Amino acid sequence: MNKTEEQILNLFKENPNKEFSTYDVITNLYPNESTEIGNSIYSITDKESIKKAKRRKAQLHRKILYYLNKLLGEDVLKVSKTGAKGSKFYKLALEEGEELILRKKKRKIVIQKPSIPLMPIEGYEDQNLLLKYEPSSWIERVNSIILETPRFNSFKELEQTVLSIFTNINDSVCLNDFETFLKNNTNGKEFLKNLDEETKDYGRYLNIILDFTNIENENFILNFIKEYISINPEKIILIFDIRAKELNKYEALFNKIIELYHKEKKVVYIKNQDIYEAPCFIGKAGPYTIKPEEWKIYKDTLKDNVNCLVLSLSSIAVDMKRFLKDYKDFNQFREFILKIAKAFLFANSLQRRKSGEFFESLVKINETYIEDIFSFGKNYIRFWNYGWKEEHDTHYLELLKNIKDIVDKFCTSEETIYLSCGMPINFKIAFSCAFSNFVKKEFSKESFSRLKIEKIEDLYNKKTMKFLEEKEEIIKIFDGGDRLRIKRTGKVVPKDICRELNIILNTYKVPFFCYDFKEQQKGNLSLQEFFE
Amino acid sequence: MEIITETTTEAWKKALKYVFKNGKDFEDNNRICREILNLTIKIKQPEKDITGPIEVLNSFKKWVYPPLEEIKNIITSKNLAPVYSYIYGPRIFNYRSKIDQIEDFIIPLLKGTKESRRAVVTLWDPEQDSNIYNKGVPGLITLDFKLRKNRLNVTAVIRSNDLFFGWPANIFQIYSLQELIIKKLDCLPGSITIFSTSIHIFKDQFEDIKKVLEGS
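Chains as they are written, first to last, in this note's numbering: chain A, 4 to 535; chain B, 39 to 254.
Simulated from the structure, these hints should not be mistaken for lab results. Any given hint could turn out to be false.
Said to hold, decoys possible - Here are some of the chain A residues that sit facing chain B, going by a computed Cβ distance under 7 Å:
hint, residue
1, N197
2, L341
3, K345
4, S423
Stated by the list, open to error - Just some of the chain B residues that point at chain A, by a computed CB distance under 7 Å:
hint, residue
5, W101
6, V102
7, P104
8, P105
9, N111
10, Y126
11, P146
12, G150
13, E153
14, V175
15, F203
16, A207
17, E252
Quick caveat: nothing in here was measured; it's all calculated off a predicted structure. In this text, a Cβ means the ideal position worked out from N, Cα and C, and glycines have one as well.
All chains should be modelled from the sequences, with the hints used to inform the complete structure.
See below:
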């Protein structure tokens, strides 16, 4: 057997649950050469070196592709997905618990894929009452992490880190304190451009948090936003972390931002730091956050020592409307959610035992405090059609509150049991909502109410006020984060939008919301609440 | 006080009964804890029903007890998986990233001097654990191995032992290690003795403990 072929097989053998892109295979097989090529390509002074490096990169790609295609032809590998630019991702063509025996001349290679334990929820999965997020990587990848950008020295280093951890994450990365990073790093266009392509290829979200309480140079921020708008990345989100005070202080800057976003019909994401200190961000599955009290502990004890923090381990979405329609019983719903909690416990047990293999790149980017980066990671139960604005909405919300208490108690008692057994584990379950992109194919038709406003006066409308007060109640239950979407129709004058934002920041306990200008020109000018 | 039994389940139930009746109550992190200091439990033939207490706990549906594989892995794994702050295995097989206390010490020692009284494994690491701010420290402190009449007897010292939930896992872990060494020494299993300097149950477990004792 050829040496390269053997190396590729060994890579898959050591990581039987992982998928690899051609680039991943190259960086694993030729780590030093890959770094050298990367460094040369990024070198802007020596054109000859760039040319040489690009040629070598292409050679390596062709070589690896030859063997990957050979293994595809032999049914050893399969293509797990194709990225936006056509780049392919490969996985072992094996089911859980299966064994593959390859006889190559004098050698016999045995590759096994460990079986995932049977979960007490699989019957419900068949009925489309629940859905695992990314079932194929449900256990071996975490959903989301926060990267502490001030600990990185350049756009290049940050970009390479983001790329390296994409293989260990299946939904979203949040770049925290990016305004501090921008103090020493300007010209982020290339960074945004590259990551725009990579996020599309990998199907991941990248959130960039700009903390306006910590801005020194407005121009750096505005330039970066302009670069962002000019690229218009699909899966990269800017989050403006502000207090009402900053909205006033940087009014001129915000007017420009609103103008830019409105022109491109983009969505402005705002986090209200006055009422919520911890980061909030989104992925395909839904919103993510960490409790403010946990964030404080993290800030006081860990933040300066780690490069990343894992926020979400695994996610399951639940179609509440369909379950209660089919079973018509709140007690059965409680039992159902507890079964999901138990399934998480089984999944986390496997994750823990295999964490060295599953989360290799997350471990690599932190030299110390490795166990601490998982210490706030939660499992997410995401609710779909959870009755907001439905006929029995208050019952539904009361039910969710009650179940949250039961689930929290279950988690605490399991942590105690494990600790008693000599296994200090973190086992927490957060509640949140599911985004439609995650569940729309399998679950019941969306029946949420939406908030549309046309003008500032709409915010004083009784219906809007009631809507927002009810949203506040939901936010209290969803400790894993929630996001309010406000569709802004009508004429957009940046100054007026800033006033509207000010009212929301000062009046409502909504930590994370967005202003959506996408439907701005469709002319639906009245406040509407509707069921679809 | 010393409890001596033939089997594991019998030992567990006797100890539960003893602590329930004779323990002293105090408040521990908002829970009422009933405690006995310095209790010795000796099981002559642990291999007969080593998972018995775990099976009893698994028969309750309201909690999920850790899987046997993970319980065993905690003491037999040489590497610390990134998600744990500590586990017993690396302390035994890779102490301070330097010493394999089983392969490099216990096995050659007992192969050479069968009656040795030096076959001791330490899990408490003062450098890491003797720190008042560090709360994630091991409960299992030392393991002592005595090879007598070709049987390997193990004595464990546990500083803090939750009798209801923790002890069934602890005894299984100690047994797993005993089994591993027996294979290497080609000897027979002996007794397991656990000396708990604090063995306790909690008030919120009382109803379930009563159910266990009623079933005996």
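Now for the hints, and whether the structure bears them out:
{"no.": "1", "hint": "N197", "result": "29 Å, violated"}
{"no.": "2", "hint": "L341", "result": "9 Å, violated"}
{"no.": "3", "hint": "K345", "result": "5 Å, holds"}
{"no.": "4", "hint": "S423", "result": "3 Å, holds"}
{"no.": "5", "hint": "W101", "result": "6 Å, holds"}
{"no.": "6", "hint": "V102", "result": "5 Å, holds"}
{"no.": "7", "hint": "P104", "result": "6 Å, holds"}
{"no.": "8", "hint": "P105", "result": "6 Å, holds"}
{"no.": "9", "hint": "N111", "result": "6 Å, holds"}
{"no.": "10", "hint": "Y126", "result": "6 Å, holds"}
{"no.": "11", "hint": "P146", "result": "27 Å, violated"}
{"no.": "12", "hint": "G150", "result": "31 Å, violated"}
{"no.": "13", "hint": "E153", "result": "30 Å, violated"}
{"no.": "14", "hint": "V175", "result": "9 Å, violated"}
{"no.": "15", "hint": "F203", "result": "4 Å, holds"}
{"no.": "16", "hint": "A207", "result": "3 Å, holds"}
{"no.": "17", "hint": "E252", "result": "21 Å, violated"}
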